[in-house]
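A.B. asks: Sequence:
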Amino acid sequence: MNTSEAIFRGLLAITLTLAVILLALFPFQEPGSGGYVISVLTLSIQGVVILVAAAGLYFGWEPFSFLDES
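Using full-length UniProt numbering, you'd call the opening residue of the sequence shown number 1 and step up by one each time.
If you're looking for bench data, these hints aren't it; they were derived computationally from the structure.
For each residue, glycine too, the CB sits at the ideal point set by N, CA and C.
A couple of the hints might just be wrong.
Unchecked claim - Estimated spans, in silico, between C-beta atoms of each pair:
#1 Ser33 x Glu5: 36 to 46 Å
#2 Gly32 x Met1: 39 to 49 Å
#3 Ser39 x Phe66: 32 to 42 Å
Required output: the full structure, derived from the provided sequences and hints.
C.D. replies: This is the structure in structure tokens:
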């Protein structure tokens, strides 16, 4: 496994974990409150990160290949 794949896998695992925790907390938040708005914004950012990490793994993108060259 190269460095880019390891970074994408780690990023995907951490972001998915945080997104699941955030989704579990939604029923306990009052719609329209400040915390609810922050949760929605955070979930949208996490969604973008999940898409980028999944696309990076799927297409084999290697933006960190310079770290593999020793």
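A.B. asks: Taking the hints in turn, state whether each one holds.
C.D. replies: Structure-based check of each hint:
1. Ser33 x Glu5: 36 to 46 Å: 40 Å, holds
2. Gly32 x Met1: 39 to 49 Å: Check passed, 45 Å falls within 39 to 49 Å.
3. Ser39 x Phe66: 32 to 42 Å: This hint holds: roughly 36 Å between Cβ atoms.
The earlier numbered hints are all upheld by this structure, with none contradicted.
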